[in-house]
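J.: For reference, the chains in residue letters:
2 protein chains.
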Amino acid sequence: MNDRAAETSHAPTLHEIDAAATRIRPYVHHTPILHSRSIDQDLGAHLSFKCENLQRGGAFKFRGACNAVLSLDETAIAGGVATHSSGNHAAALCLAAGLRGARAVVVMPRGSSAVKAAAVRRYGGEIVPCDPTQEAREGTLAEVVAKRGCHPVPPYDDYRVIAGQGTAARELLAAEPEIDLLVTPLGGGGLLSGSAIVARALLPKLRVIGVEPAGADDARRSLAAGRIVTDVVPRTVADGLRARIGQLTFPIIQCCVDAVVAVSEESIIGAMRLLWERMKLVVEPSSAVALAALLAGAIDGAGQRIAIILSGGNVDLDALPWVAGR
Amino acid sequence: MNDRAAETSHAPTLHEIDAAATRIRPYVHHTPILHSRSIDQDLGAHLSFKCENLQRGGAFKFRGACNAVLSLDETAIAGGVATHSSGNHAAALCLAAGLRGARAVVVMPRGSSAVKAAAVRRYGGEIVPCDPTQEAREGTLAEVVAKRGCHPVPPYDDYRVIAGQGTAARELLAAEPEIDLLVTPLGGGGLLSGSAIVARALLPKLRVIGVEPAGADDARRSLAAGRIVTDVVPRTVADGLRARIGQLTFPIIQCCVDAVVAVSEESIIGAMRLLWERMKLVVEPSSAVALAALLAGAIDGAGQRIAIILSGGNVDLDALPWVAGR
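Those protein sequence lines, which keep their order, are chains A and B.
Each step along the first sequence adds one to the number in the numbering used here, with nothing skipped, and position 83 is 83.
Each step along the second sequence adds one to the number in the numbering used here, with nothing skipped, and position 62 is 62.
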């Protein structure tokens, strides 16, 4: 393991995303790209779904966490890694830390999903509980970092993480270079910004669109305002997309993304169910926003070749939204 | 389309299964083979899952139906095709008939699953209702065949169908020839018999095991008795495995399969849920019997390389067994 990347002070280039791909290749799944003739017929377009729900840890998050962990030098990794995500990044970081025999500490607000906590434990992570406020999360993480010497790995606002997330689009565009439009979910912006860098470098004419829930549309508002807005209180079933757009991801999105659109809760749940029924894929609500935007007409994709990244499949099977909603 | 196979009076050989693979190749999905490190760890074995739940129509059944429909000459196909399956074969046959612009008529007992009926209609099939008895189903089908000139395509007891089903194992063994054990679900026996023919021809030392629900274990009883037993009343959540072993499939299973084992309803539902949670795959209960047999210890696979065919993913998302069972 002597290919550690130095921490960089600039957004990753295609070169750095390719280096990330090489670094993580032995550990990540090269996920399949699947198609559905019946959804194609419904939409009058040709869709390709990059199935990151089939990634290790059940989400694309393992790519970024893996790249960050493998990029740390021996001194940095010796103290372990830490984060305060309560979602897919937490489990992904624990899984990645295990690759180097390192400790992973997850600061998790009391009342977090039992399913997510179980995943952290299954991957050997240690949970440090805290109060469910942003301040408590950040404060507790700072304490863990200071007292225990853990290296913090943020869920998205980190260039190593962004480079790792970009490897999914890299695989997608290598396999299907003829696409017209790339659509990804948008929460903190790690997946979208990494994907957009790849798209701009490889296929400058490719349109790149991010989709967020209307109930967590801080990125759309931030783009309109020209600065990150902080007054959006996220309310959405898509738990992976409640995060605020990042300081590092926002400028990449401003510069490399064609549009950001928002979709309703109802259309997210409908698209999620369609993916389960027609494609036989367990996807979480966050994964469904891109298809939801096409089905709802928020993106016009008629006649086009469209690639969608299905971001993850970690969902509580005892609390499916169409069952709970009845 | 001048590669029609003559109807044969002998069980398909590898040569005929290869001919079927060539015939159906433009129309079927070459389904992915997926792996789960966490399930491997739980079992202490290396598992490969051939994902026929991701096949067109949501099940391996499209392979056999497609081969049968493409094998018919112009005169035979002119009158359309018919069957009395109420399950995955019915939808698969409608989809296959559409490839040749032919009519498909499905005799379906009143009270059949609304989801299955909707799939038949979505693929352009015509439903002829009948009483929910075996006699009514066969009688109504005979009437459709006689009066309307449809060609009957049975769900499994047909050498063209068996040859088509064998193409899934053919793809699997071509991709992963190093396996020790092949496990498939067992209902009417089409998938198991086609798979066993391929295994025997390609890898004589490969063990082949069929798994059926304990509540529909007519094949196990039939093997013990040395003849097809007809007094098993199937009671199982695995609706795809309620069919009785066939006249044509039974001798192939007697001759080419190493063992048939049975699993409880509880273990089927548990394995199904594990496939959803860990592998993010929507599979129907029938698909889960092979993994259930390994998890329950009905098959000893410790330390081995094991391939499983996940047969289908057509399930009513409003009636999941772990929700209904609470």
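These are computed hints drawn from the structure, not numbers from a lab.
Honestly, I wouldn't trust all of these hints.
It does not matter which identical chain is used: a pair holds within one copy or between any two.
What the hints assert, rightly or not - Computed cross-link-like contacts, SDA-like style, restricted to lysine to any residue with a CA-CA straight-line distance of at most 25 Å:
| id | residue 1 | residue 2 |
| --- | --- | --- |
| 1 | Lys-147 | Ala-225 |
| 2 | Lys-147 | Leu-317 |
| 3 | Lys-205 | Gly-44 |
| 4 | Lys-116 | Ala-136 |
J.: One pair to classify: Lys-147 and Ala-225, alpha carbons no more than 25 Å apart. Within, between, both, or neither?
T.: neither (39 Å within a copy, 71 Å between copies)
J.: At most 25 Å between alpha carbons: which applies to Lys-147 and Leu-317, within, between, both or neither?
T.: Classified as neither: same-chain Cα gap 38 Å, cross-chain 48 Å, threshold 25 Å.
J.: State whether the alpha carbon distance between Lys-116 and Ala-136 is at most 25 Å within one copy, between copies, both, or neither.
T.: within (19 Å within a copy, 51 Å between copies)
J.: If the cut is 25 Å between Cα atoms, do Lys-205 and Gly-44 qualify within a copy, between copies, both or neither?
T.: So Lys-205 and Gly-44 pass the 25 Å test inside one copy only (21 Å; across, 48 Å).
Against the hints set out earlier in the document, violations occur for numbers 1 and 2.
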